[in-house]
Structure formats: structure tokens, C-alpha cells
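Student: Going line by line, the protein sequences match chains D and E.
If you read the first sequence in my numbering, its first letter stands for residue 28, the second for the next number, and so on.
If you read the second sequence in my numbering, its first letter stands for residue 106, the second for the next number, and so on.
Calculated directly from the structure, the hints in this document are not laboratory data.
Keep in mind that this is a model prediction, so the values were computed, not measured.
Cβ atoms here follow ideal geometry from the backbone N, Cα and C, with glycine treated the same way.
Just to be clear, a hint being listed does not mean it is correct.
[What the hints assert, rightly or not] Straight line, CA to CA, 27 angstroms or less: simulated DSSO-like cross-link-like pairs of lysine-lysine:
{"#": "1", "chain 1": "E", "residue 1": "K389", "chain 2": "D", "residue 2": "K254"}
{"#": "2", "chain 1": "D", "residue 1": "K109", "chain 2": "D", "residue 2": "K267"}
{"#": "3", "chain 1": "E", "residue 1": "K393", "chain 2": "D", "residue 2": "K146"}
{"#": "4", "chain 1": "E", "residue 1": "K206", "chain 2": "D", "residue 2": "K175"}
{"#": "5", "chain 1": "E", "residue 1": "K236", "chain 2": "D", "residue 2": "K275"}
{"#": "6", "chain 1": "D", "residue 1": "K43", "chain 2": "E", "residue 2": "K152"}
{"#": "7", "chain 1": "D", "residue 1": "K275", "chain 2": "D", "residue 2": "K195"}
{"#": "8", "chain 1": "E", "residue 1": "K327", "chain 2": "D", "residue 2": "K297"}
{"#": "9", "chain 1": "D", "residue 1": "K36", "chain 2": "E", "residue 2": "K206"}
{"#": "10", "chain 1": "D", "residue 1": "K297", "chain 2": "E", "residue 2": "K236"}
{"#": "11", "chain 1": "E", "residue 1": "K364", "chain 2": "D", "residue 2": "K195"}
{"#": "12", "chain 1": "E", "residue 1": "K111", "chain 2": "D", "residue 2": "K175"}
{"#": "13", "chain 1": "D", "residue 1": "K36", "chain 2": "E", "residue 2": "K209"}
{"#": "14", "chain 1": "E", "residue 1": "K179", "chain 2": "D", "residue 2": "K267"}
{"#": "15", "chain 1": "E", "residue 1": "K158", "chain 2": "D", "residue 2": "K175"}
{"#": "16", "chain 1": "E", "residue 1": "K364", "chain 2": "D", "residue 2": "K146"}
{"#": "17", "chain 1": "D", "residue 1": "K43", "chain 2": "E", "residue 2": "K209"}
{"#": "18", "chain 1": "E", "residue 1": "K111", "chain 2": "E", "residue 2": "K179"}
{"#": "19", "chain 1": "E", "residue 1": "K206", "chain 2": "D", "residue 2": "K48"}
{"#": "20", "chain 1": "D", "residue 1": "K275", "chain 2": "E", "residue 2": "K327"}
{"#": "21", "chain 1": "E", "residue 1": "K170", "chain 2": "D", "residue 2": "K254"}
{"#": "22", "chain 1": "D", "residue 1": "K48", "chain 2": "E", "residue 2": "K179"}
{"#": "23", "chain 1": "E", "residue 1": "K278", "chain 2": "D", "residue 2": "K43"}
{"#": "24", "chain 1": "E", "residue 1": "K152", "chain 2": "D", "residue 2": "K195"}
{"#": "25", "chain 1": "D", "residue 1": "K145", "chain 2": "E", "residue 2": "K111"}
{"#": "26", "chain 1": "D", "residue 1": "K48", "chain 2": "E", "residue 2": "K278"}
{"#": "27", "chain 1": "D", "residue 1": "K243", "chain 2": "E", "residue 2": "K111"}
{"#": "28", "chain 1": "D", "residue 1": "K254", "chain 2": "D", "residue 2": "K243"}
{"#": "29", "chain 1": "D", "residue 1": "K146", "chain 2": "E", "residue 2": "K278"}
[Claimed, not checked] Every beta carbon over 10 angstroms from chain E, so not counted as near; a handful from chain D, in silico:
{"#": "30", "residue": "Q40"}
{"#": "31", "residue": "M46"}
{"#": "32", "residue": "D80"}
{"#": "33", "residue": "I87"}
{"#": "34", "residue": "W92"}
{"#": "35", "residue": "L95"}
{"#": "36", "residue": "K109"}
{"#": "37", "residue": "F170"}
{"#": "38", "residue": "H180"}
{"#": "39", "residue": "K254"}
{"#": "40", "residue": "L285"}
Here is how the chains run, residue by residue.
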Amino acid sequence: MRLNLHTRKLQTQSLKREMVKNYQLYLMVLPSIVMIAIFQYVPMYGVQIAFKDFNARLGIWSSPWIGLTHIEKFIQSPYFFKLLWNTFIINVYSLAIGFPIPILVAVILNELEREVYKKFVQTVICIPHFISTVVMVGMIFLFTNESKGIINHFIAFLGGERIAFMAKQQWFRTIYVLSGVWQNMGWNSIIYIAALSGVDVQMHEAAIIDGAGRLKRIWHINLPTIKPTFVIMLLMSMGKMLSVGFEKIYLMQLPLNLEVSEVISTYTYKIAFEGGSFSYGAAIGLFLNVLNLILLVSFNRIARKMGDVSLW
Amino acid sequence: MVKGIKDLLFDTVINILAFMLLAVVLFALIFVLSASLSDPHMVVTGKVVLLPKGFNLDAYSSLLKQADVWIGYKNSLFYTLIGTSINLFLTMMTAYPLSRKDFKGRTLVTVIFMITMYFSGGMISSFLLIKNIGIYNTLWALILPGSVSVYNIIICRTYMQSSIPFEIQESGKIDGCSNFGVFFRIVLPLSGPIIAVLTMFFALAHWNDYFNALLYISSRNKYPLQLFLAEILVRSQQTSIDAMMSEEELIAAQRQADKAELLKYALVVVASLPFMVVYPLLQKYFVKGIMIGAIKG
Numbered sequence: 028m029r030l031n032l033h034t035r036k037l038q039t040q041s042l043k044r045e046m047v048k049n050y051q052l053y054l055m056v057l058p059s060i061v062m063i064a065i066f067q068y069v070p071m072y073g074v075q076i077a078f079k080d081f082n083a084r085l086g087i088w089s090s091p092w093i094g095l096t097h098i099e100k101f102i103q104s105p106y107f108f109k110l111l112w113n114t115f116i117i118n119v120y121s122l123a124i125g126f127p128i129p130i131l132v133a134v135i136l137n138e139l140e141r142e143v144y145k146k147f148v149q150t151v152i153c154i155p156h157f158i159s160t161v162v163m164v165g166m167i168f169l170f171t172n173e174s175k176g177i178i179n180h181f182i183a184f185l186g187g188e189r190i191a192f193m194a195k196q197q198w199f200r201t202i203y204v205l206s207g208v209w210q211n212m213g214w215n216s217i218i219y220i221a222a223l224s225g226v227d228v229q230m231h232e233a234a235i236i237d238g239a240g241r242l243k244r245i246w247h248i249n250l251p252t253i254k255p256t257f258v259i260m261l262l263m264s265m266g267k268m269l270s271v272g273f274e275k276i277y278l279m280q281l282p283l284n285l286e287v288s289e290v291i292s293t294y295t296y297k298i299a300f301e302g303g304s305f306s307y308g309a310a311i312g313l314f315l316n317v318l319n320l321i322l323l324v325s326f327n328r329i330a331r332k333m334g335d336v337s338l339w
Numbered sequence: 106m107v108k109g110i111k112d113l114l115f116d117t118v119i120n121i122l123a124f125m126l127l128a129v130v131l132f133a134l135i136f137v138l139s140a141s142l143s144d145p146h147m148v149v150t151g152k153v154v155l156l157p158k159g160f161n162l163d164a165y166s167s168l169l170k171q172a173d174v175w176i177g178y179k180n181s182l183f184y185t186l187i188g189t190s191i192n193l194f195l196t197m198m199t200a201y202p203l204s205r206k207d208f209k210g211r212t213l214v215t216v217i218f219m220i221t222m223y224f225s226g227g228m229i230s231s232f233l234l235i236k237n238i239g240i241y242n243t244l245w246a247l248i249l250p251g252s253v254s255v256y257n258i259i260i261c262r263t264y265m266q267s268s269i270p271f272e273i274q275e276s277g278k279i280d281g282c283s284n285f286g287v288f289f290r291i292v293l294p295l296s297g298p299i300i301a302v303l304t305m306f307f308a309l310a311h312w313n314d315y316f317n318a319l320l321y322i323s324s325r326n327k328y329p330l331q332l333f334l335a336e337i338l339v340r341s342q343q344t345s346i347d348a349m350m351s352e353e354e355l356i357a358a359q360r361q362a363d364k365a366e367l368l369k370y371a372l373v374v375v376a377s378l379p380f381m382v383v384y385p386l387l388q389k390y391f392v393k394g395i396m397i398g399a400i401k402g
């Protein structure tokens with residue numbers, strides 16, 4: 028017991044000495060910690076507004092508590108299932124299409140034999156990633172315009188009927204997802220290309236001797252090599268699943284497509300900043316945030332069980 | 106012999122697929138550029154496919170007269186410059202101690218940072234905070250909330266751990282450097298590639314940022330480019346063609362509308378060009394940066 032206390036004392040002393048010796052390191056992280064505290068943790072504490080009847084005059088801290096009223100109101104509102112469904116389906120859709128394509132792109136590029144050509148294709152297909160969301164949506168409007176857009180000119184050229192893409196709600200998700208693929212497939216493939224460059228050459232040589240063709244080698248050697256990367260990326264996108272896309276969806280919204288384009292985040296924005304109900308908006312935002320967290324934790328647990336991969 | 110034919114077939118298919126990828130991306134980019142350099146009527150009637158028709162720079166010269174766009178351009182440049190500097194400063198300063206194994210408390214600090222990657226207060230309580238501390242509608246509202254980027258700190262920390270041998274830092278200490286000294290004289294000069302990547306990431310995020318400006322900026326003379334772009338490119342879908350117009354007026358209005366359409370193409374080019382030009386030069390660093398980020402920290 029005595030000895031134990033003594034060693035603990037010694038430990039505290041050596042920790043203190045260490046901290047004094049390295050005080051400059053603590054000074055270096057201090058500014059970031061202050062920033063994180065103010066701009067991340069204070070708003071987290073401020074989330075309590077979701078359980079209060081916010082009054083601008085009283086401020087967050089003095090507004091009266093009303094418990095779960097706002098959350099209940101949201102769950103019982105006629106929009107609830109529609110919003111949840113819209114949010115869910117557009118993200119599932121973009122994950123289902125947007126996730127495998129970069130892997131396919133990486134596999135294709137990896138098989139190209141001329142190094143210069145490979146680099147060229149890779150560089151070009153990464154470029155759209157740098158276009159801002161606003162410009163991207165602007166391009167969508169330009170390209171899909173019924174009478175002036177290039178896509179409709181092409182359809183007309185082939186003898187088809189012109190389509191008012193943005194005014195038709197059944198096209199909304201398709202346009203959202205495909206434009207996303209166009210913009211990000213190159214960028215998202217970089218990580219897989221990098222992983223593929225680490226494939227063991229000897230395995231390929233051995234497989235050739237055994238008479239495996241190129242497709243077989245892709246399937247049995249290349250794809251297993253990038254599997255850990257694949258799982259981590261999938262995990263990350265699933266965790267963010269319900270939160271992505273505010274800017275793009277908000278910008279693509281027209282009164283005609285609101286039926287399918289209104290998602291939880293855009294609705295929150297409108298409730299708070301167009302309708303002025305800050306508490307109700309915050310409650311909806313919190314609902315989404317918690318849902319996201321539950322998703323992330325569960326997917327992480329599944330991945331850990333299945334393949335020993337985990338985000339933390 | 107059969108194998109040879111199979112391989113040839115495989116190569117052909119791969120090459121065709123790769124060419125299709127290239128074509129899909131390149132075509133849209135070239136089309137926007139060509140359209141912006143063409144005659145408005147040719148563009149809206151679908152005569153322009155790949156190369157400009159009726160080459161002229163009218164769209165660009167009318168863009169020069171759009172005061173809004175240039176106010177936005179100037180503001181965005183300014184925000185990007187200040188924002189990126191602050192981001193870089195904080196990221197490097199924070200990543201270094203976290204890369205040191207002998208930094209007591211680094212797990213705690215890392216956890217405090219990482220929590221914010223998975224949970225946040227949401228847009229409304231952030232907005233109220235910005236209002237309450239009095240930086241609403243100022244440059245700081247765009248810069249400070251995102252000034253600490255946890256993801257990039259982790260990338261940077263991993264880079265410092267894996268690419269800068271600790272022995273060099275130790276030898277610096279033996280020569281009498283303090284921790285600051287080691288950071289400024291040894292670690293920073295060896296961090297060139299990661300600084301290049303981070304600069305580009307941060308600058309891109311500031312230049313393309315729409316959401317923060319939408320929430321926090323209310324005066325038009327402080328609008329960044331993206332807010333003006335949203336007005337011109339996205340929110341102006343209805344062209345006002347009045348049924349009461351005479352035929353001549355109608356044609357004139359139509360021509361005006363075509364010109365406005367062309368202006369949008371030019372705007373897309375002007376707004377996106379800076380990064381598209383810089384990116385290919387920095388590409389190899391990017392690949393490196395993304396790879397480091399992929400290593401689990």
C-alpha cells in the first residue's frame with residue numbers, strides 16, 4: 028500500500044516534469060483546442076435549444092424548458108415519413124451507384140498498360156471534383172434545359188421527345204446521383220488506385236504460371252487486395268449516410284420537385300431560417316444527428332465483427 | 106495462341122472502357138468552354154457540339170461588366186487567402202505535438218478532436234453562437250468555425266510520424282533546440298509536400314464554400330462568389346417572356362435570353378478555372394496526401 032502510494036507519487040511527479048519540459052507542445056495545441064471548444068463544443072451544449080421554447084429575447088440559456096415536445100411534434104407531423112424516406116432513399120441510391128463505380132474505374136485504369144495514358148485519364152477524370160456545388164448545379168440546369176440544353180438537343184437529334192428534366196420529379200434522384208458520379212468517380216478512385224499499386228507482383232506471376240487469365244487475376248488477386256480499403260470507405264460513407272448533400276439538394280430544389288427533393292436537412296434549414304422556428308428546427312436537426320450516430324456505431328460494430336476493420 | 110486472342114480482346118475492352126470514361130468527362134468540360142466562346146444562337150439551338158461555332162469573346166466581355174461577379178471574386182479571393190492561412194497555421198501547430206509519442210495527453214486531445222468528426226451541434230445552434238459572439242456577417246464567421254480541420258490534422262500527424270524520422274528531431278534537441286526550434290527548423294522544412302496538399306484542400310474548401318456564406322453573410326457587398334453564382338446560375342431559371350410583346354420585342358427578348366444563357370457558360374469557366382489549372386501540377390502530391398489519409402490513425 029505504502030509502496031503503491033509512493034510509486035504513484037513518483038509517477039505524478041515525472042508526469043509534471045514531463046509537462047513542464049514539453050510546455051511548448053501544450054502551447055502549440057492550445058489555439059486549436061480553444062477553437063474546437065468554442066465552435067464545436069459550445070454548439071453541442073447549445074443543442075439543448077431543441078428541448079426549449081426558444082425566445083430570441085431570452086436567449087438560449089434562459090428560454091423555458093419544454094422537454095420532448097418538438098421531437099414529438101416532428102415525429103407526428105405529416106411530413107415525417109416523407110422526409111425520412113426522401114433522405115434515406117436518395118442516399119441509398121447514391122451509395123449504391125456512387126460507391127462501386129470508383130472501384131470499377133480503378134480496376135480499369137490499373138489494367139491500362141501505357142503509363143502516360145493512364146496518368147492522363149486519371150488526371151482528367153479527377154478535374155470535375157474541383158467544381159463547386161453551385162457551379163455543378165448550374166451546369167446541371169444548363170445541360171438539362173428543355174429547349175436549350177445539350178442533352179435535349181441530343182435526344183431530339185436521336186429522334187426522341189424532349190424532357191423537362193428538372194421539372195419532372197421522377198428525374199430528380201437520377202440526375203442527382205448521376206451528376207455526382209460524373210463529378211466524383213475519378214477523385215474517389217484515387218484511393219483504390221493507390222491500394223492497387225501495392226498488389227504483390229509475385230502473386231500475379233504465380234497465377235500466370237498456374238494459367239489464370241487477367242479477369243481471374245483481377246477477381247482473385249486485385250480485388251482481395253483492396254478489400255480493407257473498400258470496407259473502411261464503405262463504413263465512412265454509411266456513417267455519413269443521412270447527412271450528405273444539403274448544398275446540392277437545396278440548390279437543385281424547385282417547387283415542382285419538392286415532393287421528392289425535400290430532405291431532413293433542407294427542411295430543418297427552412298423551418299429555422301425561413302420559418303423562424305429555431306427550437307423546432309434544432310430538434311429536427313438533432314433527430315437526424317442522433318440517427319446518423321446510431322447508424323455509424325452499428326455499421327462500425329458489424330464491420331469489426333466481420334472483418335476486423337473499425338473506424339476507431 | 107488462344108490465350109493471345111483472349112488477351113487482345115481483354116485489352117481492347119479495357120481500352121474502350123477507359124476511353125469512354127475519358128470522353129464522358131472531357132466532353133462536358135470542353136463543351137462548356139466551347140459554348141462560352143460561341144455565338145449564343147448557335148449554342149442554344151444545339152449547333153455547338155465540341156468546337157466553338159461563331160467564335161467570339163462577347164460572353165466574357167459582358168461578364169466583365171457584371172459588377173456583382175467581380176465583387177464576389179474579390180471577396181472570395183480575400184476569404185480564401187485569410188482562411189487558408191489560418192487553417193494551415195492551426196493544422197501544422199496541432200499536428201506536430203500529436204505526432205510526438207512523448208507528448209503526454211495526446212490520446213485525450215485526439216479523442217476531444219475526433220468526437221467532433223462524428224457529432225456536431227448542428228446548423229441552428231452554430232448560427233446562434235455566431236450571432237451571440239458578434240461575428241455574424243463578418244469575415245470571421247466564414248473562417249473561424251471551420252478553422253480546425255480534424256481530418257486534415259490527422260493526415261498531417263500521420264505524415265509527420267511516417268516521413269520525418271524521430272532521430273533527426275532528437276539530434277536537433279541534442280544540439281540545443283527547444284520544441285519550437287525543432288518544429289520550425291526541422292519539421293516544417295521537411296513538410297513541404299503535405300503543406301502543398303493541405304493548402305490546396307483548404308483553398309478549395311474556402312473558394313467553393315456556399316453553405317457558411319448562406320448562413321452567416323447578409324450584406325451583398327460581403328457575398329463570396331458562390332452566393333452570386335447561385336443567384337445567376339441556379340435561381341434565375343425563369344426567363345420573363347411576356348405574351349403581350351410584339352414580334353420584334355419577342356425576338357429581342359429571346360436574343361437577350363440566349364445571351365444570358367451564354368453568360369452562364371462563361372461564368373462556369375471563370376469560376377472553376379483556377380483550380381483546374383493548378384490541380385494537374387500538384388497531382389502527385391494529392392495522391393500521396395490521400396494515401397496518407399487512408400492509413401488508419
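Student: Give me the numbers of the hints this structure contradicts, sorted from smallest to largest.
Tutor: 4, 6, 12, 14, 16, 18, 21, 22, 29, 31, 33, 37, 38
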